Amino acid sequence: MMFPLAFGIVDSESDENWMWFVSELRKMLGVNTDKMPILTILSERKPQVVEAVEVNFPTAFHGFCLRYVSENFREEFKNPKLLNLFWSAVYALTTAEFDSKVNEMMQVQDVMPWLERFPPNLWAVAYFEGIRYGHFSLGITEILYSLSLECHELPIVQTVEHIRHQLTCWFAERRNMAQSYNSVLVPSAEKLVSEAISDSLCYQVLRANKVEFEIVSSERTNIVDTQARCCSCLRWQIYGLPCAHAVAALLSCGEDPRLYAHDCFSVMKYRETYSQPIYPIPGRSHWNNLFSALQGVGSKADVMLSPPKIRRPPGRPKMKILKMESLKRPKRMVQCGRCHLLGHSQKKCSMRS
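Residue 311 in full-length UniProt numbering sits at position 311 of the sequence shown, and the numbers go up by one each step.
In case anyone wonders, no lab produced these hints; they're calculated from the structure.
Bear in mind that the values here come from a model prediction, so they are computed numbers and not experimental data.
In this text, a Cβ means the ideal position worked out from N, Cα and C, and glycines have one as well.
Do not rely on the hints blindly, as some may be mistaken.
[Said to hold, decoys possible] Below, in silico cross-link-like pairs of lysine to aspartate or glutamate (EDC-like), each with a Cα-Cα straight-line distance of 16 Å or less: (1) K348 x D199; (2) K348 x E173; (3) K210 x E195; (4) K46 x D15; (5) K269 x E255; (6) K27 x E71; (7) K210 x E161; (8) K46 x E13; (9) K81 x E104; (10) K347 x D199; (11) K78 x D110; (12) K81 x E51; (13) K269 x E190; (14) K191 x D256; (15) K46 x E16; (16) K347 x E104.
[As the list claims (entries may be wrong)] Just the calculated beta-carbon pair ranges, DEER-fashion: (17) Q276 x C151: 23 to 29 Å; (18) S100 x C349: 43 to 49 Å; (19) E97 x I143: 29 to 35 Å; (20) C264 x T59: 17 to 23 Å; (21) C151 x C349: 38 to 44 Å; (22) A6 x Y133: 30 to 36 Å.
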């Protein structure tokens, strides 16, 4: 599950306001500076966002939202065959597989100018250096966009309260939901591991030593190191869940593959994520009393957010509803969850992991 970590209300989407927002986000995350080197940020990579991220999170991996990239590709080429090859290239696990798909695309149409505008290291699985754990697009923005439309005409305080109320409901619902989970992993991860277990049954396992295994199939041979938690197919390292080859190796020595998934997929971490409540705020009539009480005990806010530097123009503010082009959904096409090609479902897919 994903949830909004921070939001801001500004007069316009400008370079200054993006810099202000990202810098305040950096201050808020300052207590977790040890995690900064592995931070991954996804966006449409507008120039002002890129600059703000480079200034405030210089070590972060800043990639494209895959929906934005795929929509741009689809609009530019309008070729179903190219789009299928594009998705195959996106999810290719190795650079050799990616380059092979690009060569196939080049036989249909010259895509190199497009690739120069959208470098693969900012979106392709094989080249992206950050860790995304299977999150490639900004799907949560659809929910937040709908939420903002519900309250965009309200005064600022009421707008913030509307968002806070919704977050309070989300956290409470997910805390309750987490109590019903009785597996090691959250349902989405449990489903993927179960599929990997099913796929692993057709593999031959050769044990080289205590931690290294050779996994033989009709298509290829892969090497698994259970101690390093890696497989030569790279899926385990990229997604954080044991691939079918790793599962075959783990099952052969009586290990539960669920225990070898990244912590972020565990029910325990899920419960910890939503363990802290979003505290209620007393009515405005009690604010002065509350502030005086806090001053009396010497308390102060851990993080003080300063407002953006704006100057209100004369006259009545113009109403502007943000049009999020990247959220416009194209006509839905069936996409396989196994090979990621268009035109068929996972149940009818002939490919095996």
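Hint check:
no.	hint	in the structure
1	K348 x D199	holds (14 Å)
2	K348 x E173	violated (35 Å)
3	K210 x E195	violated (25 Å)
4	K46 x D15	holds (10 Å)
5	K269 x E255	violated (21 Å)
6	K27 x E71	violated (34 Å)
7	K210 x E161	violated (56 Å)
8	K46 x E13	holds (11 Å)
9	K81 x E104	holds (10 Å)
10	K347 x D199	holds (13 Å)
11	K78 x D110	holds (13 Å)
12	K81 x E51	violated (36 Å)
13	K269 x E190	holds (14 Å)
14	K191 x D256	holds (15 Å)
15	K46 x E16	holds (13 Å)
16	K347 x E104	violated (26 Å)
17	Q276 x C151: 23 to 29 Å	holds (24 Å)
18	S100 x C349: 43 to 49 Å	violated (19 Å)
19	E97 x I143: 29 to 35 Å	holds (33 Å)
20	C264 x T59: 17 to 23 Å	holds (20 Å)
21	C151 x C349: 38 to 44 Å	holds (43 Å)
22	A6 x Y133: 30 to 36 Å	violated (20 Å)
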